[in-house]
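K.L.:
For the sequence shown, our numbering begins at 1 and goes up steadily by one.
Misleading hints may appear alongside valid ones.
To be verified - Keeping only pairs whose Cα atoms sit at most 20 Å apart, straight-line, the calculated EDC-like set for lysine to aspartate or glutamate is:
no.	residue 1	residue 2
1	Lys185	Glu171
2	Lys43	Asp11
3	Lys89	Glu121
4	Lys231	Glu218
5	Lys183	Asp200
6	Lys43	Glu87
7	Lys185	Glu214
8	Lys174	Glu190
9	Lys174	Glu147
10	Lys231	Glu25
11	Lys197	Asp235
12	Lys43	Glu27
13	Lys76	Glu34
14	Lys76	Glu152
15	Lys183	Glu166
16	Lys185	Asp162
17	Lys231	Glu87
18	Lys183	Asp162
19	Lys197	Asp11
20	Lys183	Asp11
What the hints assert, rightly or not - Pair ranges (Cβ atoms, derived):
no.	residue 1	residue 2	range
21	Ile195	Asn136	20 to 28 Å
22	Glu218	Lys185	47 to 55 Å
23	Lys197	Arg96	13 to 21 Å
24	Asn164	Glu120	26 to 34 Å
The set of hints was computed from the structure by calculation and includes no laboratory data. All C-beta atoms in this analysis are idealised placements derived from N, C-alpha and C, irrespective of residue type, glycine included.
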Amino acid sequence: MSLANNDGNHDPIASVYNAIGVASEAETIALILEQLMLRHLSKGTHILDIGCANGQLVQQFHIRGYQTTGLDCSEKLLHHAQINAPESKFILSDIRNFESRPTYDAVFSRNTLGFILNLEELTTVFRNVYAAMHNNGFFVFAIVTGESVLRESFLQDYNICDVNDEYVYLEEGKYNPEERIRKLKSTTFELINGIWKRSDSTLLEKNYFSSEIESALENVGFIEINQYNSKDFGDPTPTGEDCFVCRKPSLMG
1 MSLANNDGNH
11 DPIASVYNAI
21 GVASEAETIA
31 LILEQLMLRH
41 LSKGTHILDI
51 GCANGQLVQQ
61 FHIRGYQTTG
71 LDCSEKLLHH
81 AQINAPESKF
91 ILSDIRNFES
101 RPTYDAVFSR
111 NTLGFILNLE
121 ELTTVFRNVY
131 AAMHNNGFFV
141 FAIVTGESVL
151 RESFLQDYNI
161 CDVNDEYVYL
171 EEGKYNPEER
181 IRKLKSTTFE
191 LINGIWKRSD
201 STLLEKNYFS
211 SEIESALENV
221 GFIEINQYNS
231 KDFGDPTPTG
241 EDCFVCRKPS
251 LMG
């Protein structure tokens, strides 16, 4: 997901991002969520995917029998999402400004909330999510925490290169440990009508400590806050992702 007031967005690299993203990865995430969230939900309940990108996870939710809405503020990524998940609904919005009556039985977000660069705005996001959820609904999100960066040095500075006949994708991550902010610079070269076209994007990512995240969730009203590592649920990546699972209370608390 790309955010206004962050340095850039995913629009310039949306088509390459869509090509890089594979359905098998979304299926792996859905299998992890079967254990963390989906087993608590009845078929047909409504899930909101914040930062849905190209919609492949939204499609996985649909395949499993859930009503799903995807939200992202990259218009070009949502164009791909509507193709990849044609029977689902999509909303073009910045989650910091998103307003909804209680509509969703569960909300999920993966690697999006780190693009919120200060704790006050992150709390606003949690408040918007809380307002959009039915009572007793689940909120699950994956995020790179400050602890995981301290634990795994390769999460700090890195370079990625992906090359094939249709595109070249380059990404550089530079980490500022004092501010706990990573600058992500990406450059793509995409072959369009026989001509290579270059696009550039820059994003900043904040790595909050777990205690900061938990405190913000509690301040909004979420309860039963638990933290897991997705590796413990079958994530094949070396470190897994930090997953937070919490719930909006029922009317009876």
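K.L.:
Now tell me if each hint is right for this structure.
P.N.:
Hint check:
1. Lys185 to Glu171: Holds: Lys185 and Glu171 sit about 6 Å apart, inside 20 Å.
2. Lys43 to Asp11: violated (33 Å)
3. Lys89 to Glu121: Violated, because 26 Å separates the two Cα atoms, which is more than 20 Å.
4. Lys231 to Glu218: violated (25 Å)
5. Lys183 to Asp200: holds (13 Å)
6. Lys43 to Glu87: Holds. Lys43 to Glu87 sits at ~16 Å (cutoff 20 Å).
7. Lys185 to Glu214: violated (29 Å)
8. Lys174 to Glu190: violated (24 Å)
9. Lys174 to Glu147: holds (17 Å)
10. Lys231 to Glu25: Measuring from Cα to Cα gives roughly 14 Å; hence the hint holds.
11. Lys197 to Asp235: violated (35 Å)
12. Lys43 to Glu27: holds (17 Å)
13. Lys76 to Glu34: Judged against 20 Å, a Cα distance of about 29 Å means the pair is violated.
14. Lys76 to Glu152: violated (33 Å)
15. Lys183 to Glu166: violated (26 Å)
16. Lys185 to Asp162: holds (14 Å)
17. Lys231 to Glu87: Violated, because 31 Å separates the two Cα atoms, which is more than 20 Å.
18. Lys183 to Asp162: Within the cut-off at roughly 19 Å; holds.
19. Lys197 to Asp11: Holds, at roughly 14 Å.
20. Lys183 to Asp11: This hinted pair holds, its Cα atoms lying about 17 Å apart.
21. Ile195 to Asn136: 20 to 28 Å: violated (54 Å)
22. Glu218 to Lys185: 47 to 55 Å: With a Cβ separation near 35 Å, Glu218 and Lys185 fall outside 47 to 55 Å, so the hint is violated.
23. Lys197 to Arg96: 13 to 21 Å: violated (31 Å)
24. Asn164 to Glu120: 26 to 34 Å: Cβ of Asn164 to Cβ of Glu120: about 42 Å, so the range 26 to 34 Å is violated.
Of the numbered hints given earlier, the model fails hints 2, 3, 4, 7, 8, 11, 13, 14, 15, 17, 21, 22, 23 and 24; all others are met.
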